[in-house]
Amino acid sequence: MAKIKNRIRRLRFDNNEMTQEELAKRAGCTRQTIIALEQGKYVPSIELAFKIARVFGVSLEEVFQYEE
Amino acid sequence: MAPLQKRALYSLVIGLVLTISLIAVLVIQGDITAFDRDPNVRYVMYAVLIGVPLVYGILCDLTLRKPRQIDERDRLIIEKSSRAQWLAVIFLLVAWTIALTEIYHDEQQVPVAFLTLIFVSALIISPLAQSLGILTGYWRMNRNG
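As given, the protein sequences belong to chains A and B, one line each in that order. Under the working numbering, the first residue of the first sequence is numbered 119, with each subsequent residue one higher. Under the working numbering, the first residue of the second sequence is numbered 16, with each subsequent residue one higher.
Hints are computed from structural coordinates only; laboratory data are not their basis. The model shown is predicted, which means the values in this text are computed figures rather than measured ones. Be aware that one or more of the hints could be misleading.
To be verified - Restricting the straight-line Cα-Cα distance to at most 30 Å, the calculated cross-link-like pairs of lysine-lysine (DSBU-like) are: (1) K123(A) / K95(B); (2) K159(A) / K169(A); (3) K159(A) / K21(B); (4) K123(A) / K21(B); (5) K21(B) / K169(A); (6) K169(A) / K143(A); (7) K123(A) / K159(A); (8) K143(A) / K95(B); (9) K121(A) / K159(A); (10) K123(A) / K143(A); (11) K169(A) / K121(A); (12) K95(B) / K121(A); (13) K143(A) / K121(A); (14) K95(B) / K159(A); (15) K21(B) / K95(B); (16) K169(A) / K95(B); (17) K143(A) / K21(B); (18) K123(A) / K169(A); (19) K143(A) / K159(A).
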């Protein structure tokens, strides 16, 4: 079964322990969505995925990984 | 709790209170003929007819206008909740049709008051079902992803 995993929590930690609220604000979503993403309970749209990657200044693949 | 989730919860509570109040008014007044007898009952119904869509519209508008209150995940849940909304309205109309047909079949006519009651009940059940759909959507998403 295919699954999309992410490193959002790790990247937040690496970026001066950025808060979920701050990431949400900069990515243009709610904190609840960041929580759901970190828990692997929500797969974002391409647009939101790019926005999150842009906040951390990394490529999409460094944030999200597609696993089969 | 997400802002939309909070609003859905408030709407559900308000809707339930409104429903119980309306049922209580009709029960206290006796039966459906109170609608014809007592103008106050009619005015209450008319107030509901105008007030519910107005409040619902304002609440929806306020929620959807604030960009940081709602994001793509919330919009997905709203979209899914509309299914619960129209299903609830359809089932309600089916229930009214069957009930009124069975009760008034011999008389071959239905009291006019039921027109308003059917409309009011559809008006109340619609946002109620949507709120329930939204809350269920969040619950499902948090549970299963």
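We went through each hint and held it up to the structure:
no.	hint	result
1	K123(A) / K95(B)	24 Å, holds
2	K159(A) / K169(A)	19 Å, holds
3	K159(A) / K21(B)	20 Å, holds
4	K123(A) / K21(B)	29 Å, holds
5	K21(B) / K169(A)	26 Å, holds
6	K169(A) / K143(A)	11 Å, holds
7	K123(A) / K159(A)	10 Å, holds
8	K143(A) / K95(B)	25 Å, holds
9	K121(A) / K159(A)	11 Å, holds
10	K123(A) / K143(A)	22 Å, holds
11	K169(A) / K121(A)	20 Å, holds
12	K95(B) / K121(A)	22 Å, holds
13	K143(A) / K121(A)	26 Å, holds
14	K95(B) / K159(A)	17 Å, holds
15	K21(B) / K95(B)	17 Å, holds
16	K169(A) / K95(B)	25 Å, holds
17	K143(A) / K21(B)	19 Å, holds
18	K123(A) / K169(A)	16 Å, holds
19	K143(A) / K159(A)	20 Å, holds
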